[in-house]
Structures are given as C-alpha cells and as structure tokens.
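I would like the entire structure built from these sequences, with the hints used as guidance.
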Amino acid sequence: MAQPFAKKDDDHDEEEDYSPFLGIEKSAVLQEARVFNDPQLDPRRCSQVIIKLLYLLNQGDSFTKIESTDVFFAVTKLFQSKDTGLRRLVYLMIKELSPSADEVIIVTSSLMKDMNSKIDMYRANAIRVLCRITDGTLLSQIERYLKQAIVDKNPVVASAALVSGVHILQSNPEIVKRWSNEMQEAVQSRSALVQFHALALLHQVRQNDRLAVNKLVTSLTKGTVRSPLAQCLLIRYASQVIRESSLNGQTGDRPFYDFLEACLRHKAEMVIFEAARAITELSGVTSRELTPAINVLQLFLSSSKPVLRFAAVRTLNKVAMTHPLEVANCNIDMESLISDQNRSIATLAITTLLKTGNESSVDRLMKQITNFMSDIADEFKIVVVEAIRSLCLKFPLKYRSLMNFLSNILREEGGFEYKKAIVDSIVILIRDIPDAKESGLSHLCEFIEDCEFTYLSTQILHFLGNEGPKTSDPSKYIRYIYNRVILENATVRASAVSTLAKFGAIVNSLKPRIFVLLRRCLFDSDDEVRDRATLYLDTIGSDMAQETDNDAKQFLFGSLDVPLVNLESSLKNYVPSEEPFNIYSVPKELKSQSLSEKKTLKKTNRLGAPPSGPTNLIDGYERLLSSIPEFSSFGKLFKSSAPVELTEAETEYAINAVKHVYEGHVVFQYNCTNTIPEQLLEDVSVIVDTSEAEDFSEFASKPLRSLHYDSSGQLFVAFEKPYGVPVTGKFSNTLKFIMKEVDPSTGETDVGVEDEYQLEDLEVTSADYMLKVGVSNFRNAWESMGDDCERVDEYGLGVRESLKEAVTAVIDILGMQPCEGTNSVPNNSRSHTCLLSGLFIGNAKVLVRLSFGIDGPKQVAMKLAVRSEDQEVSDAIHEIVACG
Amino acid sequence: MLLAVLFSNNDGNILVERFHGVPAEERLHWRSFLVKLGADNLKGAKNEELFVASHKSVYIVYTMIGDVCVYVVGKDEYDELALAEVIFVITTSVKDVCGKPPTERLFLDKYGRICLCLDEIVWKGMLENTEKERIKRLIRLKPPTEA
Chain D
1 MAQPFAKKDD DHDEEEDYSP FLGIEKSAVL QEARVFNDPQ LDPRRCSQVI
51 IKLLYLLNQG DSFTKIESTD VFFAVTKLFQ SKDTGLRRLV YLMIKELSPS
101 ADEVIIVTSS LMKDMNSKID MYRANAIRVL CRITDGTLLS QIERYLKQAI
151 VDKNPVVASA ALVSGVHILQ SNPEIVKRWS NEMQEAVQSR SALVQFHALA
201 LLHQVRQNDR LAVNKLVTSL TKGTVRSPLA QCLLIRYASQ VIRESSLNGQ
251 TGDRPFYDFL EACLRHKAEM VIFEAARAIT ELSGVTSREL TPAINVLQLF
301 LSSSKPVLRF AAVRTLNKVA MTHPLEVANC NIDMESLISD QNRSIATLAI
351 TTLLKTGNES SVDRLMKQIT NFMSDIADEF KIVVVEAIRS LCLKFPLKYR
401 SLMNFLSNIL REEGGFEYKK AIVDSIVILI RDIPDAKESG LSHLCEFIED
451 CEFTYLSTQI LHFLGNEGPK TSDPSKYIRY IYNRVILENA TVRASAVSTL
501 AKFGAIVNSL KPRIFVLLRR CLFDSDDEVR DRATLYLDTI GSDMAQETDN
551 DAKQFLFGSL DVPLVNLESS LKNYVPSEEP FNIYSVPKEL KSQSLSEKKT
601 LKKTNRLGAP PSGPTNLIDG YERLLSSIPE FSSFGKLFKS SAPVELTEAE
651 TEYAINAVKH VYEGHVVFQY NCTNTIPEQL LEDVSVIVDT SEAEDFSEFA
701 SKPLRSLHYD SSGQLFVAFE KPYGVPVTGK FSNTLKFIMK EVDPSTGETD
751 VGVEDEYQLE DLEVTSADYM LKVGVSNFRN AWESMGDDCE RVDEYGLGVR
801 ESLKEAVTAV IDILGMQPCE GTNSVPNNSR SHTCLLSGLF IGNAKVLVRL
851 SFGIDGPKQV AMKLAVRSED QEVSDAIHEI VACG
Chain C
1 MLLAVLFSNN DGNILVERFH GVPAEERLHW RSFLVKLGAD NLKGAKNEEL
51 FVASHKSVYI VYTMIGDVCV YVVGKDEYDE LALAEVIFVI TTSVKDVCGK
101 PPTERLFLDK YGRICLCLDE IVWKGMLENT EKERIKRLIR LKPPTEA
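Sequence order for the protein chains is D and C. Take the first sequence: its position 745, counting from 1, is numbered 745 in full-length UniProt numbering, and each next residue is one higher. Take the second sequence: its position 113, counting from 1, is numbered 113 in full-length UniProt numbering, and each next residue is one higher.
Each computed DSS-like pair below joins lysine-lysine, with the alpha-carbon atoms no more than 27 angstroms apart:
1. C:Lys132 - D:Lys118
2. D:Lys153 - D:Lys95
3. D:Lys177 - D:Lys95
4. D:Lys845 - D:Lys804
5. C:Lys43 - D:Lys305
6. D:Lys215 - D:Lys147
7. C:Lys75 - D:Lys95
8. C:Lys75 - D:Lys318
9. D:Lys26 - C:Lys124
10. C:Lys36 - D:Lys420
11. C:Lys75 - D:Lys305
12. C:Lys56 - D:Lys355
13. D:Lys113 - C:Lys124
14. D:Lys65 - D:Lys26
15. C:Lys36 - C:Lys75
16. C:Lys124 - D:Lys95
17. C:Lys110 - D:Lys26
18. D:Lys77 - C:Lys110
19. C:Lys142 - D:Lys113
20. D:Lys177 - C:Lys124
21. D:Lys77 - C:Lys142
FYI, nobody ran anything at the bench for these hints, they're computed from the structure. This one's a predicted model, so the numbers in the text were calculated from it and none came from an experiment.
Here it is as structure tokens:
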C-alpha cells in the first residue's frame, strides 16, 4: 500500500519542480506569436505568448531587428481586443520592444485613441507608452493632451503625465518648461503621489534658477506635504538652498534649519533620516545644530531594521571625520554593532570607533577587531587597516599594540591589495614613529620569508636596504635577505643582492661577511643577479679609500640626478642606434607639476614611489644648487619652501618661486614657463628690489639664456644675510627679458625687443627658518628637554572668528609640526592646547606648548611655552610670535 | 536612479532582470556580482529579512522571499532607505500576486502578473507606485479606489 503513496509524492515533487518555461526556445515562441494575427483573437492564449516573450527578454535574451519588427507588428494587432488584461500586457510589450522611429507610426493612432479614451487607465498607460517610444516631432502633437493629463482628476493619469515629463525633460526640455502652471497646480494636489511627482518635475525644471527653488521650498515648507517621499525631496531641496546661501556669504541664522530640525520628529523614519543626514552635511555645522541629528541617528543604531542601522552608521562614520567628539557619545551603541550579522554594518562601526576612540580604549577595540577580521572580505579589511594606520599616527604611544595587530593580520591569508595595504601601513608607521622602527622591520622580514607577491618582496627589500643598516643590530636582517637569494625568483633575488650591498656599504663590520655572500651570487643562473653582484663587489670592494667609499654610497643610496619624469620621457624619445643612451642628455630642470598631477602623486606616494616624497625633492634641490658654482660655498641647505606662485593662472608666463634657506644665505629659485607660441625669450633675469628687506643684500644672480614656447627653465638670485639669524623681508620682483618673434615656418627669429613683466612679491618669513620635524612622544621629549632654556609668556591675540582660526594662524606663523593631532580644534571649544615641534635654523630642536582660551566677545588669549636647547632660540620663537 | 531590479532563484539563475541606465557591457558584471552577494549572505536568511550593502557609490538592498532572491540597486537619491521602500513594495506585490511567499514554480506561474507589477512600480529607473492595492488594480487596468 505504501508504494502508490510514495509514487504520488514523487509526482507531486515533479510538478513542483516543473517550470512553465522549461525548455523554452526563442524560435518556437516567435512561431507561436503568429496567433496575434488570428482573425478570432484568443486573449488567454495571446497573453501566454506575450508572457513567454517577456520571460525571454527579461532573461537577457535579445531579438534581432527583423524578429522584433515582426513581433511588434503582430502585437499592434492586439489593440483590436477589448480584453483589459491583454491590453495591459500589450502596453508593456510595446515598451519592452522599443520600436524604431519608422515603426512607431503604426501604433501612434491606436495610442492617441487610447489617450482620449473614457477609460482612465487606458489614458494613463497610453501616455506612458507614447512618451517612451516617440520622438520630438510627435511630442508637439500630443503636448496638449499631456498638459491636460497633468491636472486630470484621476491621480494615476496625472502621475503618468508627470513622470513622463521627467523623462521628456532630458530630450525636449523646452516642451516641459511650458507646463509650469499645470505643474504648480499638481504640486498642491491632494493625492500624495501626484504631489511627489510634481515636486520632482518642478524642481528639475527650475533647478538652475536659485530664486525659484528658494520660493518653491519656502512655500512648501509652510504648506502640507502629503507623502514621506515628497518630504524627503523637500529636505534635499532645502539643504541645497542652505548650501547656496552660505556660498553667497549670507550671514545670520541659517535658513530652514528649524524646518530640518522639525523633520527629525516626523513619523516616517525615511524623513527623520533624511533630515538628520542633511543637518550633518551642513557646512560649518555647530555642535548645537548637530546634537539633535546625532541623537536620532543613535536611536537608529539599535533599530531592528538592518537598513536603518546601516544608514545611521554610515552617516555617523562620515560625521566622525569632522566631529569625532560629537559622535563619541554613540560609542556604546556602536560597539554592539561590531558583532552585527551584516558585515558592512560591522565594518562601518569599527572604522567609526577607530576615529572616535580615545587612547585608553585602543587596546579593548583591538581585541574586538581581532575576532572580527577573519569574518570579513578583503575590501572591508583594507578599510580597517587604513583606519588603524591613522589611529596609530594619532596615538603614537600605542604603536606597540597596533603594530602587533598589523603583523598578525599580515600572517593570515589575503589578496595582494590587502597585503599591500598592511605593508604600506607598517612602512608609514616606521617612517613617522622612530620607536616603531625595529619591531616594524622585523615584522616585514618575517613577512618576506613567506610572501607570494614579488612586487611586495622587492619593495620591502628596497626599504630594508635603506633603513636596516641604520638600526642598532643590522646583522640580524642579513639572514632574511640572503634567504631570498636562495629561495626566490630572479626579480626578488636581484633586489636582495642590492639590499645586501647597501648593508655592506654602510656597516663596515659586516662588509667581509657580505662579500662572501655576494661572491656566491656570482654563480646565480640569472644574468641580472650576476651582473648586480659583480657591480656591487666592484663598487664597494675595490679599496677602502674615503673618496671611493663615498662614491659607492652615493651610487647605492643616491637617486638619479635627474627627475624621473624627465628620464622617462627621454627614454621614450630615444631611438635605438649605435650611439648609447646618455643620461647627461636628460634635462635636470624640475617642471612644475599641474594640480592634478600633484594629486595623483600624493595618492601613490607610499612604499613604491619615494622619489616624489619631500625629502627626495629637497635632495634634488640640494644637488641642483650645489651644481651651480656660485652657490657651492653656502654650506648645507637647511630648508626649501613649497613653490609660491608669482603669476596668476593662465597668464602669458607661468612663474613660481622656491625659497632655499642656508645659514648665511637665501636663494630664490624662479621656475618659469613660456606659454606664448611663436615667442622666444632670451637673457631672462629677475630684478629684485630689496628696499623692504634691508637685512638682505644681493650676492649672485644666475639668469636663463633662453626660454622657448612651452618649455620651462630656472633662474636664481642669491642673497647674503646675517649668519644664523632669522631675518625677514619682502621682495618685489620684475621679470626682464628680450622677446623675439619666431616665424613658425622657418623657425627664424627677429631681432627682439627688451621687455619687463611685473611679478607678485615674495616674502621671507620666520616660518622659513623652521623645519617641520615631528616627535613620536611629545611628553617624553618635553620632559627630557628640561626647563633650562624654557621661556613662558602670555599674549592677547585680539578678536578672532573662532579658536580654530587662531590656532591655525599661530601654527602657520611658526611653521612647526603639530604633534598628536592637536592641530584639530573641536568646534565651539572654549580652550585648547596645541603641541608643536620643529628644528630651528642652526639645527636647534624646538618644542612648543600653546594654550589658548577664548571668551564671550571672542577675545583670544594664548600662553606660549617654548623649550629648546638654546635660550636664544627660545627667545627667537617668542619674538616671532610677538611680531606676527 | 534605480539601476536594477533582479530576481533569481536559490541557485543563482536569473528569473527577471531589469536594468535602467546600465550599459549592456556592464550588466553581466552586475548580474554575477549580485548573485554572488546573495550566495554569500542569503543562505539561511529569514524570509524577507533585508540585507544591505554599498559598492562604490551604488547601494544594494536585497532579500529572500520564499525561494526567490530579490535585489534592487540604486544610486544618488535611491539610497539604502529609498531602496528598502522599493523592495518592500516589490515583495508585498509579489506575495499578493502569488498569495504567499512564492516557490520558484509559483513565481514562474505568475510571471506575467509579476512583470506587470514591476512595470507599475519602477518606470525607467524611477519609483512610481508604492501601494500594493493600487498596483493590484492598475495591472488589471482598473482605476485605484482613491480616484
């Protein structure tokens, strides 16, 4: 008896699994579509065929031109049927087929008829189909109907016309703009959806007219908005008005803030969230304005709906970048989200906590993150690694636990991008936190023992070669490096050979042992590895004369004397020939970079791109200047400023200047670019007037012989100044040159005329005598410096807009490095302490502790405590502030 | 813009896909991305529990209803909350058409009606209708009751 039952069950299962579209084939369905042509239409059958066609289209199947034309013509026949279900499918099918312009004409009359039908739903659907498939010419014919439809008493018809309007606006804006009155009427509609659609359309039409948008928002914020969707739109438009009014420098109360704040109490969560986000995104938002928004977002954090939790944590994550203190109130709720099932929410919570956390919570956070890391995908892990890096730079004292965390995750499985993010982070920490150097290098060494990525191995070996020899026990790294020579591929082996050579060149005690290892590399199977070994053995092993030794170091550690960009373009232009490539033919002039180039460089300036780093730029300057005989006696270059633009953008000549400061001299380097075609400049020089810089006297000048179109060149003017004294002054500059017209066809020039071109003034300020050098632990550095040469004084800074502005101004005047993130001032705080460190001219270490206070009428007072190794330097810093 | 609405079965086979403003060559990428997202997260998920993710500047909200996975993708004004609204309308309409959270078979049986619902809900990348009763009437070409 059991058998038949079992069989029945089987049958049932089969039926369950059987798909109505099983084995569906396009050609068969197209055949079936012939039923559309039957004189006696069977609506049920036709509907089934249309559904099959839709299934094919929705699966990503496409029809050929002929197939879709055939189907389209057949479908148009179905307008004869009065069956509503079929008609609805016909509308959909025509939209899906999107017939070409010459075919549309077939259905136009049927659709126009439906547009004027007494059946509302025919009207609505016909409008949607027509607007989807017609072009501009037909639109003008139906415009009258569309205008009527917008104010139709049936909301479905009105909505159909309004939404169609949004789409027509893209192709034929002038038509939609004529519907202004009707749209205004629709905005006041009692139907929620009509109001929503009308508001969206009206705003799109007027979005470029600021006054009109302002008026629209003002009237609607006072009136009734019926749907939460429309309310959200209104909030967005209101924040647009706020943004634009603040751009125009309007002062006083922020318009519409009260409206936004009232929306925080709306019954729809969507509206509450929209308002909260709008408030957090206000420019220059104050803590008072932020608080109510943060409060509602905090409530959302514990919502049962994942979407709300995600939205809230995402918004708070953004706010944390600018207002970490305000978001810190949500930390407890945020911590519970670390275990959220949705990994996106958990990652956002972690990264927010890393931004808002304080020093004492770091260890606890790290523990929680460790458990969480194994559950998430690489892309989330990278976000976490980057957040940890910034946290470590913020709290350098915590480097130990953060570095340990990074080394642990470095050992786990992961893709290239993830590993690269970790390695980059460790390298940055080693560079910025001297105490972290040894442990960081050890972690990197262990990593390369088992690293599957050639790129990362070679980068780490390069870095190890530069940093390892300077550590207390360089010998411990040799084993890791030589293992690479034994175990890795040729690229890594060649890198390892270079790294070994660097250790040999710097650490004399290791030299003999390094030679043994390098000699073994002479038998390597790869040419490059053998060549490098031979080269290095020859360079550092020839004899021990001081001069050769310096040359070897210069060869190993110095970068090429030419900018890499110039070298790259020269190599590209080099045509292989008998004559070998000559590196001396590469121009040494540094072309000033465009803004976009600078941005890309900044992004890529990690492990792989040291040449663009500031130190290397200064190295480049130093080499450039020492190659000029007139300046060779100036001694060591102390500081080079960032380029200062002396001309406005897009003028005839683009000129910027770099200030190079020596103990007893200052050199101005003028970088000039000629932007006028058919013009050649010769004997270009700058006449500098020092009447407002009495302590400086011109010492030497190096003009530029010629400057062609679209090329750049440098000229220099050097000044003598009192030795070691930070004197300041203002210099006015005039460019002087002979301008020659160039005949483009022959390249010949005329005799030329003398001309002058006024440039902006250049100033040497006290900040030019200060190098930004950070310390990893300010308190330790401060205590160990002692108060022997301390000087403390108080200053009134007068009325300031905010404490933040005062702090930034003082930091700029001093030109020192802010430590431990103390340069960021919480909004509306009444007092603040800022810690600075730097190296003053004469290589004197300086530490500064600034305490600020602001009172009701915005009077700012400052206490300045300076410690240095020399009382004169401490006094000089006070003098700078007193004069500034 | 609502960039995509996609239905798939448990095995990742596409049942319905509608893209708006996504170039044809990117559709395959989106399809496999979404299906993988579902395969990673939807296994064992509760019926209609919402999942959310963001990929670059695009938001994704997805869920499981019966045996069918639903994904909606949006950007700009269609952020996670707006998408939650869209997916809510879609799932309620699908349930309404099928009478219960659908099996794959039931979904395919009601395929035509579901396509019509989608047509009412999303119009060239914009949310048009949000109430299931209204949609139910509209797909039968009946005016909504509020008229």
